[in-house]
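Asker: The letter at position 118 of the sequence shown is residue 118 when you use UniProt numbering, and the numbering goes up by one with no holes.
Hints listed in this document are in silico derivations from the structure and should not be mistaken for laboratory results. Small disclaimer: the values here were computed from a predicted structure and weren't measured. Hints should not be assumed to be uniformly reliable.
[Stated by the list, open to error] Here are the simulated EDC-like pairs of lysine to aspartate or glutamate, each with C-alpha atoms no more than 16 Å apart in a straight line:
{"#": "1", "residue 1": "LYS391", "residue 2": "GLU375"}
{"#": "2", "residue 1": "LYS258", "residue 2": "GLU111"}
{"#": "3", "residue 1": "LYS143", "residue 2": "GLU111"}
[To be verified] Distance ranges between label pairs, derived from CB positions:
{"#": "4", "residue 1": "GLY266", "residue 2": "LYS405", "range": "51 to 61 Å"}
{"#": "5", "residue 1": "MET123", "residue 2": "LEU208", "range": "22 to 32 Å"}
{"#": "6", "residue 1": "GLU375", "residue 2": "GLY266", "range": "23 to 33 Å"}
{"#": "7", "residue 1": "GLU374", "residue 2": "ARG409", "range": "19 to 29 Å"}
{"#": "8", "residue 1": "SER373", "residue 2": "ASP463", "range": "36 to 46 Å"}
{"#": "9", "residue 1": "PRO219", "residue 2": "PHE113", "range": "50 to 60 Å"}
{"#": "10", "residue 1": "SER185", "residue 2": "ASP389", "range": "18 to 28 Å"}
{"#": "11", "residue 1": "ARG409", "residue 2": "GLY464", "range": "28 to 38 Å"}
{"#": "12", "residue 1": "LEU208", "residue 2": "PHE113", "range": "45 to 55 Å"}
{"#": "13", "residue 1": "PRO370", "residue 2": "ALA190", "range": "18 to 28 Å"}
{"#": "14", "residue 1": "ARG409", "residue 2": "GLU234", "range": "30 to 40 Å"}
{"#": "15", "residue 1": "LYS477", "residue 2": "LYS197", "range": "27 to 37 Å"}
{"#": "16", "residue 1": "LYS187", "residue 2": "ASP274", "range": "46 to 56 Å"}
The beta carbon of each residue, even a glycine, is placed where N, CA and C say it ideally should be.
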Amino acid sequence: MKMLRSLVKLEGQNFLQKCVFSQTKRTYSKKDTPKKIIPFGKDPKSIISKRIQNSLEKVKEALVVREVDDILTEWMGRPQIVPQICDVVIIGGGAIGSSIAYWLRRRVYAEEFKVVVVERDPMYTTASTTLSVGGLRQQFSLKENIEMSLFGAEFLRNVNNYLGIEGEPPVDVCFHPYGYLTLASEKGAATLVENSKLQNFLGAKNILLSPAKLKDVFPWINTEGIELGCLGLEKEGWFDPWALLSAFKRKAIILGAKYISGEAQGFFYKESGDALDGLIIKTKEGEICNMKFAIAIVAAGAFSGQVVANVKAEDKLEQISLPVEPRKRYVYCFHCPDGPGLNTPLTIDYTGTYFRREGLAGTYICGRSPEESEEPSIEDLSVDHDYFDEKVWPILAQRIPAFEKLKLRSSWAGYYEYNTFDKNGIIGVHPYYQNLIFATGFSGHGIQQSPAVGRAISELIVDGEFKTLDLSNLDFKRIIYSKPMCEVNIV
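Produce the complete structure using the sequences and hints provided.
Answerer: Right, dumping it as structure tokens:
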């Protein structure tokens, strides 16, 4: 067992080399000493021994050429062992779940503190994190969202201080600091002004631009119908979500977190009935396992509602479910060599249509959230190109005339972990089971807030309360009391 632990911690390289290459020296007592010992491969009369020796040398040479990391990878690809017990289980290994794992292991480094992450999609083929456009902004209407994204900007700016690993290349999340440009019609101008005041008061830096000033700064824009614009001057832009997720996960594992490929099937309960006792897991091999825990954290993104759908509750809570469900969103990639130049912010029209540059070769990505009545089926991640032709392109061409000649190149779809109650994250303890914690429902802005959410959940567990940012207004109680914390600026 000790050997297995050494291998999991990536401390087994020397051990593996010794297993493969060491020559075991046999010792004999006087009683069993052979009359004649011929050193292996040294008998000139033994053709067989020579052949065996040559074969072994070839095997050894082949093994030496291979990196020890390759051997470890093969070993770790074998059927996984699900622990019978852990201190904290995190359901979901995307940006939020991996951030929580990182912060917990950073706060509590003791080896005996067991943090296990259960991820149903280890290749992240349908994960919200990897399919997002990676935006970072402080242009929100709620104090909590602004503060979380401010910390997200600080975290990305100093990402190697947090997630760097000694002896390895520095983490590069490919941050593009070109800001956000939010456009408002006459109807939304007053709200834009109030939001900007709050954002700057809390530490963000943005300015309001009149139509004339917008045209002066961004000559490619058609200001018809625009009353006001808000331009982020710093701490805003976009980054590579996959790079951030990979860095979170790798650092969490280095610090001692364990990842399991499997799907949460349900919970079992303590005999007292007032707390959860364990998680039922279906592994990638199809095995059903039970794992006891002290604390469970639901960070399963768009599928969080399904994870806790069957959790028992008191009579008064039976009708109150976690209001998080998957909503499909399309992202379209197009080419337009005559489009806006390099120093172009991620631009959001007052219709909700957005675009930003992707690289240096006249490529852009864009999208738009549909109206409630237009929500597409979530059965798969197929893309509706008619939606682009009918709902997205006309707005783009009207706002940026150069986009009339764009050519659609590719597209993809991903899931928002959509909070149907108020489109905001749910961060905090279950109202009845005090060892069940939520970190979900961010409705499109989870990736940029993942550093702050991970830190907040670690504080809730280690300190018993939020310390750096007070996120208590975002807990589950607001749903019970029907007091939504509505975020106006959802893209």
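Asker: A separate judgement is required for each hint: does it hold in the structure or not?
Answerer: Quick rundown of the hints versus the structure:
no.: 1; hint: LYS391 / GLU375; verdict: holds, 13 Å
no.: 2; hint: LYS258 / GLU111; verdict: holds, 12 Å
no.: 3; hint: LYS143 / GLU111; verdict: violated, 37 Å
no.: 4; hint: GLY266 / LYS405: 51 to 61 Å; verdict: holds, 54 Å
no.: 5; hint: MET123 / LEU208: 22 to 32 Å; verdict: violated, 44 Å
no.: 6; hint: GLU375 / GLY266: 23 to 33 Å; verdict: holds, 28 Å
no.: 7; hint: GLU374 / ARG409: 19 to 29 Å; verdict: holds, 24 Å
no.: 8; hint: SER373 / ASP463: 36 to 46 Å; verdict: holds, 45 Å
no.: 9; hint: PRO219 / PHE113: 50 to 60 Å; verdict: holds, 57 Å
no.: 10; hint: SER185 / ASP389: 18 to 28 Å; verdict: holds, 24 Å
no.: 11; hint: ARG409 / GLY464: 28 to 38 Å; verdict: violated, 51 Å
no.: 12; hint: LEU208 / PHE113: 45 to 55 Å; verdict: holds, 48 Å
no.: 13; hint: PRO370 / ALA190: 18 to 28 Å; verdict: holds, 26 Å
no.: 14; hint: ARG409 / GLU234: 30 to 40 Å; verdict: holds, 31 Å
no.: 15; hint: LYS477 / LYS197: 27 to 37 Å; verdict: holds, 28 Å
no.: 16; hint: LYS187 / ASP274: 46 to 56 Å; verdict: holds, 49 Å
Violated hints, listed in ascending order, are 3, 5, 11; each of the other numbered hints is respected by the structure.
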